[in-house]
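Sequence lines, in order, name chains A and B.
Going by our numbering, the first sequence opens with residue 1, and the numbers climb by one from there.
Going by our numbering, the second sequence opens with residue 1, and the numbers climb by one from there.
Worth flagging that the hints you see were computed from the coordinates, not collected in a lab.
Straight-line Cα separation of at most 25 Å, DMTMM-like style, residue types lysine to aspartate or glutamate; simulated pairs:
| id | chain 1 | residue 1 | chain 2 | residue 2 |
| --- | --- | --- | --- | --- |
| 1 | A | Lys-190 | A | Glu-138 |
| 2 | B | Lys-213 | A | Asp-145 |
| 3 | A | Lys-26 | A | Glu-63 |
| 4 | B | Lys-83 | A | Glu-74 |
Because the structure is a prediction, the values reported are computed rather than measured.
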Amino acid sequence: MTVDHSKNIIEVQGVSFGYTNELALKNIDLNVHAGDYLGIIGPNGGGKTTLLKIMLGLLQPTEGSVKLFGQPMEKFKAWPRIGYVPQKAVQFDAAFPATVEEVVAMGRAARRGLLHPLTQMDREKITNALVQVDLAAERKRLIGDLSGGQQQRVFIARALAGEPEVIFLDEPTAGVDVKAQEQFYALLKKFNQTLGLTLLLVSHDIDVVANEATELACINQALVYHGAPQAFVKGDYLNQLYGKETKFILHDH
Amino acid sequence: MFDIFHYSFVLRGLEAGMLIALIAPLIGIFLVLRRYALIADTLSHVSLAGVAIGLIAGINPLITAIVASTVASVAIERLRLTKRVYGETALALFLSGSLAVAIVLIGLAHGFNADLFSYLFGSIVTVKQTDLVIIALFSLIILAVIPAFYKELVYISFDEEAARVSGLPTNFINTLFIIIASVTVALAIPIIGVLLISALIVIPVVTALQLKKNFWQTILWAQAISVASVLLGIVISFYENLSPGGTIVLIMLVIFTLVFLTHRGAALERLPTFLTRSRAGSARE
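Could you build the full structure based on these sequences and the hints that come with them?
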């Protein structure tokens with residue numbers, strides 16, 4: 001898949017958020033290009049989730065602006081081009097009476113539009129998404145009966161089913177065991193490299209982001225760093241952010 | 001046997017009861033899953049105020065109940081969205097407030113106690129021919145509207161924030177739904193009574209949830225439980241001279257208990273999500 005890396009998918013310009021004496025975000029400039037795999041890290045309370053919500057239009061910046069696919073947020077209507085995988089632990093009710101298939105079908109709702117029931121084509125997209133995350137065999141099971149790692153893949157499949165060009169992930173592996181996490185990040189890498197999907201991953205796990213993402217942005221109210229993960233690791237940024245004792249492990253792939 | 005069907009008021013009650021039994025779980029499933037079942041109780045008290053206004057003004061009380069309930073439901077949502085009061089506080093304000101209105105109006109009119117009693121506890125005798133027409137009309141609308149917005153309602157109930165990000169008009173769907181819920185509550189008043197409506201909306205759904213089926217099967221099971229209970233309740237209450245509303249709810253509770261004891265059901269979530277769910281940033285729509 002060829003991706004035009006010069007194309008801007010998200011443009012954050014001078015974004016601040018919060019009240020005058022206590023800004024959660026200060027004057028952030030950040031561009032995400034087509035095909036990027038951007039990891040956003042930063043200490044808790046540093047504003048990374050706030051920035052994500054601003055980029056998704058869920059929060060309005062106090063100052064500055066966001067463009068999605070070249071269009072100002074206020075005018076942007078092409079939401080199906082954006083996929084979203086929320087924090088699982090916070091959002092999800094394990095007793096909800098929906099099968100894996102029904103959850104993934106939600107990803108088609110906006111594509112199909114109001115008053116239009118899902119069609120055979122939608123069913124095929126749902127199946128494709130389930131195959132991509134290797135859950136086709138579990139489609140009739142209730143979402144609450146799956147393991148944490150499987151549930152997280154269901155949410156990826158839900159995002160994929162909408163055929164997005166970019167997927168936002170907010171701490172997607174919180175509460176998921178290490179083995180399932182590895183499987184999950186292998187999937188993300190595949191989507192980024194073979195499908196050309198742009199990924200934007202918010203995580204507190206510097207280790208994961210540095211090893212998986214192709215670009216790294218570090219947010220602590222201001223944008224502390226934006227660039228290649230390797231340079232971030234070599235620099236003195238970690239000590240500035242987390243204190244001198246932080247240990248860092250970079251896997252050699 | 002079956003001489004019960006020779007009485008036209010019983011037939012009207014049964015017909016109205018069947019319709020209510022079909023629409024109540026359709027609304028109930030979304031209210032229960034969104035931890036918002038208490039709104040049914042609030043709207044039923046608002047409906048009582050509506051009934052009192054109708055009885056005093058000489059307008060069909062069902063109509064005034066529908067209007068009062070709808071207006072209140074939209075006002076409650078607006079109040080919640082301002083974030084100046086907590087969600088449950090908004091419900092409490094309207095519940096006790098409308099009860100106060102109802103009591104004062106009843107006191108002013110001091111005379112229509114018998115009628116009012118049947119609205120409180122339900123009675124199939126209260127279902128007049130015009131009521132049946134109104135109930136049928138609105139029930140058919142609700143039976144058409146909920147399936148039409150089914151996929152959006154399911155998504156929003158499961159994950160409102162993701163639904164909003166995906167581009168669904170969540171504010172529109174939420175308002176539409178709350179209006180439909182308020183109409184359903186008001187329609188149920190003649191049969192089941194103000195004090196027992198939330199049971200009709202909640203118990204069949206909670207029972208069906210124990211069966212651990214997929215979404216639409218859960219709805220169908222809830223409707224089956226609801227219809228069976230209403231039918232049985234009306235027939236038994238007729239022969240035994242019992243309150244139909246109370247009998248219906250007791251039958252539902254018996255079914256719930258049986259299902260609960262024979263199924264392991266799903267363990268519920270720790271925290272009600274509507275307390276933690278971010279309502280911020282609805283500015284986009």
